[in-house]
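There are 2 protein chains.
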Amino acid sequence: MSIRTTDTKEEILRIGKQFIQYYGYNAFSYADIARELKIKNAAVHYHFRGKEDLLMALIENYIQNYQLLAQQLEGSKLKAAGKINKFIERYTGLCDSDSICIIGSIASDYNTLPESVKARISELIEMVLGMVEQTLAEGKKKGELHFEESPRTRALLIMTNLAAGVQLARISGKADYEAIRKALIKQLK
Amino acid sequence: MSIRTTDTKEEILRIGKQFIQYYGYNAFSYADIARELKIKNAAVHYHFRGKEDLLMALIENYIQNYQLLAQQLEGSKLKAAGKINKFIERYTGLCDSDSICIIGSIASDYNTLPESVKARISELIEMVLGMVEQTLAEGKKKGELHFEESPRTRALLIMTNLAAGVQLARISGKADYEAIRKALIKQLK
DNA sequence: GTCTATAGGGGGATAGAC
DNA sequence: GTCTATCCCCCTATAGAC
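The listed protein sequences derive, respectively, from chains C and P. Mapping of the first sequence onto my numbering: position 61 corresponds to residue 45, and the numbering continues sequentially without gaps. Mapping of the second sequence onto my numbering: position 186 corresponds to residue 170, and the numbering continues sequentially without gaps.
Derived from the structure by calculation, the hints contain no laboratory data. No false leads were slipped in.
Straight line, CA to CA, 20 Å or less: simulated PhoX-like cross-link-like pairs of lysine-lysine:
1) C:LYS35 <-> C:LYS24
2) C:LYS170 <-> P:LYS173
3) C:LYS170 <-> P:LYS170
4) P:LYS102 <-> C:LYS158
5) C:LYS173 <-> C:LYS63
Based on the sequences and whatever the hints tell you, model everything.
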């Protein structure tokens, strides 16, 4: 019955994620976060010493989140196509809020980030690609999915279609993203 | 015999383009450009009143550049696959310098840009997509290319593979980009 | 845990001399 | 066309009171 009180630290993470997806990492400030949460600059620094620490925490969140998804998919009765759809859905949601995937956003700012962050992002990407790759491989083995390329290559094609698809949608409209999404699903049948 | 002297204005455009592709629009300053060209801050402002004017000039350059490519392709004896390859080559070159396509870079910063710039970027994207779409349509008609989707959708799939492919390569290495590139070419046969 | 106040630096941009 | 000098703003970050 208890609604867990979202503390400030979680709120900062939530807003930070939104800002990265909407404006980009180098285009928002602690002051922006503070204004949004109606607290002061210094309070944000209390929870995350510096902006890089906030970014790192967000990346850790994503890693945990995908680990959770991995467990859910492993224990689910979904067919391969349904599992792939779980990944696609995450991108479809972004479009509706004019936002882009955090990996794509960070990729643009990549050369401005410290090595520690770069390394962790690399791990996140490998993890996500690995999950998609494995799902594709299993689906092919069971005869549920059909594609010519290696599972790794197919995973790369799908994830790049999605990542740049939401970037494109922000500029040219959601219709283009929808065309991509439908084509992806059709291709695997 | 005369080697045209590259004046400062052209040099600024050259460096500005590099910085956008390497660091992102919101992550470099006029001071960075000035340092690179061994001139002062104010000299850059003389050639481009503000940073947005520089960005707009770069977008105009891209539009002209693609118009030139369109003319070249129209008058060439290249088969459809060869024409598509001209687009792919542009992205392959980016990988080697740890850079990403300017459209992808700008897409990340999109919500921080003034409306005038947004509108022009939209036109640039439509132009490039239109060129690829038309090339695909002609190739299919002549029996040189084979794909199931509409030319527009196929163009979207190819361009998003390339745009996010170079973003990915910057983080996970060029091997992934190469896998994408080869798969794209193979898919069309 | 949040505040006020502030340090220190960098950003975009302009005026006016040369 | 480039310079020096400067303005004003916002940024990241910290110290110390509450």
